[in-house]
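Protein sequence lines correspond, in order, to chains A and B. The first sequence lines up with residues 1 to 322 when you count with the numbering used here. The second sequence lines up with residues 1001 to 1322 when you count with the numbering used here.
In case anyone wonders, no lab produced these hints; they're calculated from the structure. Remember, predicted model here, so these are calculated numbers, not experimental data. Ideal placement from N, C-alpha and C gives every residue a C-beta, glycine not left out. Treat the hints loosely; a few may be bogus.
Claimed, not checked - Which stretches of chain B does chain A cover? Using the computed rule of at least three CB atoms under 8 Å from a CB of chain A, they are:
no. : region
1   : 1141-1152
2   : 1156-1167
3   : 1179-1193
4   : 1247-1256
5   : 1289-1296
There are 2 protein chains.
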Amino acid sequence: MYTMRTPLAAGIDIGGTNIVYGWIDREGNILSRGSVLTNDYPDVLQMVEAVVAFLHEDLSFIDGDFDIAGIGIGAPNGNFYKGTIEFAPNLPWKGTIYLADLFSNAMGVPAHLTNDANAAAMGEMIFGAARGMKDFIMITLGTGLGSGIVIGGQMVYGHDGFAGELGHTIVDPEGRLCGCGRKGCLETYASASGIVRTVKEMLGKEHPKSLLDDIDQRDITAKKIHEAALNNDRLALQAFDYTSRILGMKLADAVAFSSPEAIILFGGLANAGELLFLPVKKYMEDFMLNIFKNKVRVLPSQLKDDDAALLGAASLVWKEHA
Amino acid sequence: MYTMRTPLAAGIDIGGTNIVYGWIDREGNILSRGSVLTNDYPDVLQMVEAVVAFLHEDLSFIDGDFDIAGIGIGAPNGNFYKGTIEFAPNLPWKGTIYLADLFSNAMGVPAHLTNDANAAAMGEMIFGAARGMKDFIMITLGTGLGSGIVIGGQMVYGHDGFAGELGHTIVDPEGRLCGCGRKGCLETYASASGIVRTVKEMLGKEHPKSLLDDIDQRDITAKKIHEAALNNDRLALQAFDYTSRILGMKLADAVAFSSPEAIILFGGLANAGELLFLPVKKYMEDFMLNIFKNKVRVLPSQLKDDDAALLGAASLVWKEHA
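Same shape as in the complex, but just chain A (with noise of 0.2 Å):
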């Protein structure tokens, strides 16, 4: 008898703070989750055995007939060629760590594994706001800028596998000092920890009264400044004037480069929509080559928050699957 077998991926979203796993069809369904405390496991392998262990318990829980198509992962400097993380800050294993390998031979099956916001972009072309386009770029905005950069339907990995850095091109080379040792990085302003050093620095000058006037410095937050905005606090509205400038402005450098159909930001700063969305598409317009102008869209992400980046991971395998 012949019984239809359903393909799942493993996605698995590696974190400084919690691993995140599940199984997700081809639809985009997570059929599970679970996560796992990343400083639980001071052994890499440790970690990989509980998580495939989780894994296959879940999948015992999960109606119906399974074939295990393969795992992707998002982690933080991930190496696609290579399957690797490379001396990852906030990860507690140091060195080069072949974790797309472990994960294979540990579940016998293929594994991807990317950058985080090589695999968002990736979840977008799948699921989410990028369906059916070829050349596009993600931007996610959280605590740093992360990027995903697609040409021709490829993400672009370039030579070493580190492609699509443009949190790190450089707005101001006597800018702010950046987390990489360099000054005046494009995440130092646009991020949700951009925003808030803006707002900082205003703050320390002459500024208008403002409703972060009244908050310990140290609680300032893009969400708290995101609601000042709401609330037409002028100093609010003045750091996303001058956040989008600078994105704006970079956007459309990146625009010269590629350019795609559309740019997607996602991330904690991309929640605060048109108070971000509108000023950054406006600049972005203002500094584009006349010859891209009014031609690139800019778009949300499609993904919610909470599952983008295990769509993101699962996007891996189905594009090998495509």
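Following the hints, put chain B in place on chain A, whose structure we already have.
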């Protein structure tokens, strides 16, 4: 009887002053070449007719039995997808010209067209410094700054065919006025005309005594600045340093985008050799994100100035026959 017929490509380089055409074999030998004056042909159809007639005539003088494999065309503002030139400011034909179709119909073989910098990149990939490379960036430093980007062995054309305009990424939004109407584009600094502007600015302020003081400002060229620098002229050396710092910084940005194996510099300003290459390389490394440091070669073109345009155009044909 079976005769081995040699495939040949017609290469055509469309310029504001001359249109150069020739027959090129698969090994990059230029078997014939000729040119006409662009402005002798206000009607584009007459230009196509004339060039095709000259090409046929030339072919009759080449010994051997040939197949015409195709036509490759490099042209300013060329669009690969549509085979058009669109609103090229220095050409006599206005509006959108379907130049690839016109040539293809006139010769009865396929024709491929792209902009000059992309053709140059293709020429390096097939015949020059980028042989065997899958990821590199070509920069042409002439009157302007053109660029051709190759990722995974494919030219980057973008969703509209106009990708690769690194000359119009922004160095300083309050900077020099560019021919494109915006301010602070890279090509206003890093190009043959950019370094001339730099020297004129320096001569207009307090400056070290210079060999260039004795030249009428209208006669200053990149070549004369190069010659002065070879004579250890301080002002000329400072101009090269200033130019190289800006170019190096923007090349570091380009590396963060596509992580190429090499960057190839071509054209008037690149002929300055080490005077340009050494400081560009140094500043690029200074501005480079750690993970990319000491990985990316900066190479001179391996095509002779006089041959590059024809070889680039012909490469469009050989790329299709790879």
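Verification of the supplied hints:
1. 1141-1152: The restraint on the region 1141-1152 of chain B holds, since 3 of its residues have a Cβ under 8 Å from chain A and three suffice.
2. 1156-1167: n = 11 at 8 Å, threshold three: holds.
3. 1179-1193: holds (count 3)
4. 1247-1256: holds (count 5)
5. 1289-1296: With 5 residues closer than 8 Å to chain A, the region 1289-1296 of chain B meets the three-residue bar; holds.
The earlier numbered hints are all upheld by this structure, with none contradicted.
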